[in-house]
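Chemist: Spelled out from the first residue to the last, the chains are:
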Amino acid sequence: MKPLRILARCDIKGKKLIKGLRFEGVRVIGHPWEFASRYYERGVDEIVYIDSVASLYQRNSLFELAKLSTKNIFVPISIGGGIRNIKDARNVLNSGAEKVIVNTSAIENPSLISDLSKEFGRQCVVLSVQAKKRGNSWEAFTYYGRDPSGLDVIEWLKRAEDLGIGEAFVSSIDQDGSLLGPDFALAEATSSSVQIPVIISGGIATLDDIFKLATNSKVSGVAIGLALHKEKLDLQDIKSYLVNRGVKVRV
Amino acid sequence: MKVAIYDNEMCNIKSVENSVLHLGFTPIITKDCDFTTEPTHLIIPGVGSFDTAMAKMKSNGAYENILNYIKKNNKVLGICLGMQLLFDLGNEKRECEGLGVIKGEVVSLPKPIKDLRENSPNMGWSEVNVKKQNQILNGLKDDDMVYLVHSYFCKPANNQIITLSTKFGNEDICIGVSENNIHGFQFHPEKSGNIGLNLIENFLKL
Numbered sequence: 000m001k002p003l004r005i006l007a008r009c010d011i012k013g014k015k016l017i018k019g020l021r022f023e024g025v026r027v028i029g030h031p032w033e034f035a036s037r038y039y040e041r042g043v044d045e046i047v048y049i050d051s052v053a054s055l056y057q058r059n060s061l062f063e064l065a066k067l068s069t070k071n072i073f074v075p076i077s078i079g080g081g082i083r084n085i086k087d088a089r090n091v092l093n094s095g096a097e098k099v100i101v102n103t104s105a106i107e108n109p110s111l112i113s114d115l116s117k118e119f120g121r122q123c124v125v126l127s128v129q130a131k132k133r134g135n136s137w138e139a140f141t142y143y144g145r146d147p148s149g150l151d152v153i154e155w156l157k158r159a160e161d162l163g164i165g166e167a168f169v170s171s172i173d174q175d176g177s178l179l180g181p182d183f184a185l186a187e188a189t190s191s192s193v194q195i196p197v198i199i200s201g202g203i204a205t206l207d208d209i210f211k212l213a214t215n216s217k218v219s220g221v222a223i224g225l226a227l228h229k230e231k232l233d234l235q236d237i238k239s240y241l242v243n244r245g246v247k248v249r250v
Numbered sequence: 000m001k002v003a004i005y006d007n008e009m010c011n012i013k014s015v016e017n018s019v020l021h022l023g024f025t026p027i028i029t030k031d032c033d034f035t036t037e038p039t040h041l042i043i044p045g046v047g048s049f050d051t052a053m054a055k056m057k058s059n060g061a062y063e064n065i066l067n068y069i070k071k072n073n074k075v076l077g078i079c080l081g082m083q084l085l086f087d088l089g090n091e092k093r094e095c096e097g098l099g100v101i102k103g104e105v106v107s108l109p110k111p112i113k114d115l116r117e118n119s120p121n122m123g124w125s126e127v128n129v130k131k132q133n134q135i136l137n138g139l140k141d142d143d144m145v146y147l148v149h150s151y152f153c154k155p156a157n158n159q160i161i162t163l164s165t166k167f168g169n170e171d172i173c174i175g176v177s178e179n180n181i182h183g184f185q186f187h188p189e190k191s192g193n194i195g196l197n198l199i200e201n202f203l204k205l
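Quick mapping for you: the protein sequence lines, in order, are chains A and B. Take the first sequence: its position 13, counting from 1, is numbered 12 in numbering that gives the first Met the number 0, and each next residue is one higher. Take the second sequence: its position 126, counting from 1, is numbered 125 in numbering that gives the first Met the number 0, and each next residue is one higher.
Isolated chain A (complex conformation) (with noise of 0.2 Å):
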């Protein structure tokens, strides 16, 4: 059995750690080198830093907060938001993290996914999936949840699956900042539907909630936020809840 990786997910504005709710109304919570270093000496498997206005504005504000956090963070970093081509994959790279995010362009283009697939090879390339629940399916946004893009978030894996990604990065836009507990069906759906890893991302707050989407899904990790920047969960408690009630992890 592989671990459950337990991923701190980091939303970045500027160059500040932020969280809002649902996407919207961010607030500023600190710097975002200072949590990820924590929570890599409490012994979480991956880093996520998302720009969360990258897209809108068309810059990149992360190379350097990769290039700080990967002087004494040792596991993988993964980076989104503004990226557009083969260069800004590149320069994340280059940075020292170990793989890129898209969403926006993906969808706007989606030969960037083949075209960062050959280049990187597919396991850097990670796609964001932001989804609106819509009766019983759910819709992908672009733009950081702003914007409806029209496409069924499961269609849309499943092609981008075909051209290339290695991995999803899913996050539920209902759920997201709520701390009200993970969109259960949705981590279900998408992982059961692609053959590639799915972590999922959105109102993770409990151990418990943690749990269940080991136990009832195939997610291969899951994403948490603010229950950790506002230490409502720890790492450490995470993986021993996990481990005591038979959920491996890396310890």
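Hints were generated in silico from the structure; no laboratory data involved. The model shown is predicted, which means the values in this text are computed figures rather than measured ones. Wrong hints could be hidden among the right ones.
For lysine to any residue, the following SDA-like pairs were computed, each having C-alpha atoms within a straight-line distance of at most 20 Å [what the hints assert, rightly or not]:
hint	chain 1	residue 1	chain 2	residue 2
1	B	K140	A	G42
2	A	K217	B	P109
3	A	K117	B	R93
4	B	K55	A	S116
5	A	K247	B	D142
6	B	K113	A	G163
7	A	K66	B	L20
8	A	K86	B	T51
9	A	K131	A	T141
10	B	K30	B	N67
11	A	K14	A	D87
12	A	K70	B	L22
13	A	K70	B	T25
14	A	K217	B	I112
In silico negatives: residues of chain A with every beta carbon more than 12 Å from chain B [what the hints assert, rightly or not]:
hint	residue
15	K12
16	K14
17	V52
18	N108
19	K131
20	N135
21	E138
22	G144
23	R145
24	D151
25	D173
26	A188
27	D207
28	D233
29	D236
Covered by chain B, according to a simulated footprint, are these stretches of chain A (three or more residues, beta-carbon under 8 Å) [said to hold, decoys possible]:
hint	stretch
30	63-70
31	115-128
32	215-228
Don't be surprised by glycine CBs; every beta carbon is placed ideally from N, CA and C.
Given chain A, work out where chain B should sit, using these hints.
Modeler: Same frame as chain A, now just chain B:
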């Protein structure tokens, strides 16, 4: 001692460089491996696809220089794709010859078992199985976890050089080799926390 890191301009040089710096060594970064003073330790990191990496290596003389360096019995560590490039043959997208300093080929992963939380590409932490202890593995033990990101893995012609393996699908796949001066890790020691840093340090102290 002198540590060099080969930069093929398509991979995560920075994190490997930072891990070496963190351990107290100052590496030189080289794109063509044309050394004025030969290093004592060369690291070949790697992210990217096999044929693109080989084409890059052949475009600027790095191919000949690396081969020359290894053939003089100097120490080399290949990481991830860097390990795969040491082999005779890659099969990613198309057949492509590698450096050929280790006999064997690079093949795609067996079918993942989804109920075991396996996927292809294989991304995430896996437990190691120590097949053969040696100096570079000092301190590493069975079930320690390392970070893997790959779709292909190495099949050495000689099983005796396999130092580490992990379970994937119905197979026990090779994730570490050592043959004389040549060492390879399929996983990313620079992304595997303290366990990985320790392995890099072991290599640098060889």
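Chemist: Let me make sure I understand: some of the numbered hints might not hold for this structure. Which ones are they, in numerical order?
Modeler: Hint check: nothing fails, all pass.
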